[in-house]
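Asker: Now for the letters of each chain:
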Amino acid sequence: MTELSSNTSASLASNVGEKRGYWSRVGRDGRKLGKWFVAPTVALLIFIVIFPLLMQLYLSFTWWTPLDGVPWYQAYESFNWGENYLILAYDPAFWAALWRTAMIMLVAVPAQFFLGLGLAYLFIDKFPGRKVFYSIVLTPMMVVPAVVGLMFFLLFQGTGPVNDSLGLPASFSWLTDPNRALISVIIADTWQWTPLMFLILLAGMLGVPSDQLLAARLLGGSNWQNFYKIILPRMKSVIAIAIVLRLVECFKIFDLIFIMTSGGPGVATETISLFLYKKTFADLDWAYVGAVGLAVLIVLSLIAAFGLSRVAKNKG
Amino acid sequence: MSSIQINNVTKRFGEFTAVSDLSIDIEDGEFVALLGPSGCGKTTTMNMIAGLEEATEGEILFNGQDLSHTPIQQRNIGFVFQNYAIFTHMTVYKNLSYGLEVNNVPKDQITSRVAAMAKRMNLTHCLDAPAASLSVNEMQKLAIGRSAIAEPRIFLLDEPLSNLDAGFRAYMRSELKVLQREFGQTMIYVTHDQIEAMSLADKIAIIDQGKLMQYGSPLEVYNNPCNRFVANFVGSPKINLLDGQIKGANGSTKLITQGGAEVALQGKISSDFAKLKSSKGGSIGIRPQDIYFGEKRASDDIQLHGYVEELERVGPKRLVHLQVHRTQIVAEDERDALSIGDEVEFFLTADKCMAFDLDSGDRLTGGAA
Numbered sequence: 001m002t003e004l005s006s007n008t009s010a011s012l013a014s015n016v017g018e019k020r021g022y023w024s025r026v027g028r029d030g031r032k033l034g035k036w037f038v039a040p041t042v043a044l045l046i047f048i049v050i051f052p053l054l055m056q057l058y059l060s061f062t063w064w065t066p067l068d069g070v071p072w073y074q075a076y077e078s079f080n081w082g083e084n085y086l087i088l089a090y091d092p093a094f095w096a097a098l099w100r101t102a103m104i105m106l107v108a109v110p111a112q113f114f115l116g117l118g119l120a121y122l123f124i125d126k127f128p129g130r131k132v133f134y135s136i137v138l139t140p141m142m143v144v145p146a147v148v149g150l151m152f153f154l155l156f157q158g159t160g161p162v163n164d165s166l167g168l169p170a171s172f173s174w175l176t177d178p179n180r181a182l183i184s185v186i187i188a189d190t191w192q193w194t195p196l197m198f199l200i201l202l203a204g205m206l207g208v209p210s211d212q213l214l215a216a217r218l219l220g221g222s223n224w225q226n227f228y229k230i231i232l233p234r235m236k237s238v239i240a241i242a243i244v245l246r247l248v249e250c251f252k253i254f255d256l257i258f259i260m261t262s263g264g265p266g267v268a269t270e271t272i273s274l275f276l277y278k279k280t281f282a283d284l285d286w287a288y289v290g291a292v293g294l295a296v297l298i299v300l301s302l303i304a305a306f307g308l309s310r311v312a313k314n315k316g
Numbered sequence: 001m002s003s004i005q006i007n008n009v010t011k012r013f014g015e016f017t018a019v020s021d022l023s024i025d026i027e028d029g030e031f032v033a034l035l036g037p038s039g040c041g042k043t044t045t046m047n048m049i050a051g052l053e054e055a056t057e058g059e060i061l062f063n064g065q066d067l068s069h070t071p072i073q074q075r076n077i078g079f080v081f082q083n084y085a086i087f088t089h090m091t092v093y094k095n096l097s098y099g100l101e102v103n104n105v106p107k108d109q110i111t112s113r114v115a116a117m118a119k120r121m122n123l124t125h126c127l128d129a130p131a132a133s134l135s136v137n138e139m140q141k142l143a144i145g146r147s148a149i150a151e152p153r154i155f156l157l158d159e160p161l162s163n164l165d166a167g168f169r170a171y172m173r174s175e176l177k178v179l180q181r182e183f184g185q186t187m188i189y190v191t192h193d194q195i196e197a198m199s200l201a202d203k204i205a206i207i208d209q210g211k212l213m214q215y216g217s218p219l220e221v222y223n224n225p226c227n228r229f230v231a232n233f234v235g236s237p238k239i240n241l242l243d244g245q246i247k248g249a250n251g252s253t254k255l256i257t258q259g260g261a262e263v264a265l266q267g268k269i270s271s272d273f274a275k276l277k278s279s280k281g282g283s284i285g286i287r288p289q290d291i292y293f294g295e296k297r298a299s300d301d302i303q304l305h306g307y308v309e310e311l312e313r314v315g316p317k318r319l320v321h322l323q324v325h326r327t328q329i330v331a332e333d334e335r336d337a338l339s340i341g342d343e344v345e346f347f348l349t350a351d352k353c354m355a356f357d358l359d360s361g362d363r364l365t366g367g368a369a
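Each protein sequence line maps, in turn, to chains A and B. Okay, so the first sequence: first residue is 1 according to full-length UniProt numbering, each after it adds one. Okay, so the second sequence: first residue is 1 according to full-length UniProt numbering, each after it adds one.
There's no promise every hint is true.
[Claimed, not checked] Stretches of chain B that chain A covers, calculated by requiring three or more beta carbons in the stretch to come under 8 Å of a beta carbon on chain A: (1) 67-80; (2) 98-104; (3) 144-150.
For the record, the hints were derived by calculation from the structure and aren't laboratory data. All residues carry an ideal CB built from backbone N, CA and C; glycine is no exception.
Make the full structure from the sequences, and use the hints.
Answerer: Below, the structure written as structure tokens:
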């Protein structure tokens with residue numbers, strides 16, 4: 001359809017071009033001209049996306065580290081036929097970090113989704129003070145993650161307000177207990193990112209035509225039936241986008257954990273990002289980091305592709 | 001099925017009064033049109049009947065029962081929206097079955113009732129199609145079918161025909177009438193199109209600026225408008241209204257138009273104007289088909305002189321736009337003998353002339369002629 005119309009308009013433009021002068025010639029040459037317009041952006045993209053990616057791929061097939069004293073482009077001297085990937089496959093620290101990351105994703109994202117959905121539903125109808133509450137609900141999202149980390153670091157101290165208000169003794173530790181540290185991180189992440197879910201889901205919910213909701217009510221549908229059968233199905237795309245966005249963000253979670261626990265106690269909260277951080281700056285094992293990074297990229301791409309393919313399907 | 005009584009209903013939005021002191025009695029099975037210009041409060045009235053808005057004052061009774069504290073879901077009111085509000089993410093079947101499903105009707109009943117309604121509405125061929133793929137005309141039918149399938153106590157239609165193309169609109173108009181007879185349902189129909197209202201409704205409620213102007217059968221409203229607004233709103237081609245100052249007393253009354261034309265009034269119309277109190281003047285209303293050319297037919301008929309400004313063909317008839325001292329009068333030309341620029345004598349049939357007070361708009365009737 002679009003191809004057809006663009007063909008038609010192109011042929012129209014060329015027809016006109018034979019009769020008229022300058023502007024129609026610009027139209028006809030538009031394609032060539034356009035290429036020059038996007039060229040700087042493409043060059044920039046190659047420089048900041050494609051090139052580092054290829055460089056990483058290249059390094060990941062070697063034993064190269066910055067301590068070798070060999071420039072990176074001579075890393076081929078220690079080419080190892082992909083042994084880094086073999087090491088990766090059998091690296092328990094990597095798999096443990098991946099598992100912890102998955103735990104955060106699988107607990108935090110659904111929690112954020114349901115909380116956000118519930119909040120959004122409360123905000124469909126107008127009520128006094130709606131604008132004020134709206135701003136309050138959105139505030140956590142605006143705070144810098146590192147600051148959120150510090151806030152929750154303080155809140156979860158043994159003598160901190162959380163233990164105080166729950167009546168727990170100072171010896172009941174959150175951040176220094178291997179089991180509870182991950183829970184603390186999930187709570188902090190949920191606190192910060194539920195507002196984003198709320199914001200996206202509210203936009204989706206407000207996009208459901210109000211007269212359809214009215215019609216459903218007049219037909220006798222209860223609020224729950226109408227929510228389940230009218231609102232939710234119409235929000236499929238928005239929900240997919242929100243969840244994919246949060247899953248990917250969760251996968252990359254770093255600053256919050258870095259401040260709260262630095263991955264500890266031990267490695268109890270060491271996610272993929274922290275694992276990579278340690279490997280990069282503590283072990284200087286850059287070739288291996290390249291391999292891990294690419295593996296992570298593939299996982300993330302699969303998540304995004306799966307989620308967003310559903311969006312594309314819904315559109316049609 | 002249900003009768004509806006609207007008793008002294010007022011609706012205010014803040015300072016703005018959308019509907020004021022409206023009272024209408026609708027009998028069971030009646031087809032009533034709420035007619036008025038945009039923003040007159042007719043949709044607000046409909047929303048109040050449906051329960052989408054709450055009346056500020058007054059009450060609305062269904063079979064004598066006040067439903068204002070019944071949730072919308074339990075009122076069982078059929079409502080067809082102006083843009084149909086079809087559930088576009090569902091199939092046609094699901095749209096039709098929605099009202100039954102949410103009311104826990106047994107599965108096998110749903111299937112048979114949906115099939116029957118689809119057949120009635122000519123939608124059988126597209127039952128499994130996504131509702132979004134339907135044409136506007138089919139959506140209209142689906143919207144009506146979806147509301148009708150739950151057998152609502154009353155049926156409300158909010159300008160249901162305004163989005164249709166002209167041909168289908170005429171078809172749908174007669175279809176609606178047939179459907180109403182079949183369902184035997186009380187129907188309330190909101191429209192700003194007086195032709196729709198005239199052709200469909202058993203009774204018309206004409207509303208202007210939130211107030212009920214007149215409530216009656218189409219013929220009653222047409223032949224006997226109770227004020228200048230109703231006279232002007234109902235009828236196509238429009239009624240002619242000759243505004244001017246009324247001079248003189250019984251017997252030799254005159255209406256002097258702004259353009260300076262003097263119209264001598266006799267008989268009934270003259271005595272009608274005897275009731276005129278306002279200083280702003282009066283107004284004579286006469287429908288185009290009640291104007292004739294040639295020989296004077298009755299002694300009281302009003303004689304005017306003007307020239308033909310424009311001729312307009314409307315089907316087999318021809319409308320003549322006559323200019324009388326800068327006042328335009330439209331007449332039906334039965335003889336088809338006039339041409340532009342002609343100077344003609346023409347007559348207003350006296351017993352069809354209506355007298356209005358120009359200030360209040362009220363109809364003036366003088367009793368004994």
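Asker: Hint by hint, note whether the structure agrees.
Answerer: Okay, the hints, checked on the actual structure:
Here's how the stretch 67-80 of chain B fares: 8 of its residues keep a CB closer than 8 Å to some CB of chain A, so the rule of at least three is met and the hint holds. Only when three residues or more bring their CB closer than 8 Å to a CB of chain A does the claim for the stretch 98-104 of chain B stand; here the count is 4, and the claim holds. Remark: the stretch 144-150 of chain B is confirmed as covered by chain A, as 3 of its residues place a Cβ nearer than 8 Å to a Cβ of that chain, reaching the required three.
Checked against the numbered hints listed earlier, the structure breaks none of them; every hint is satisfied.
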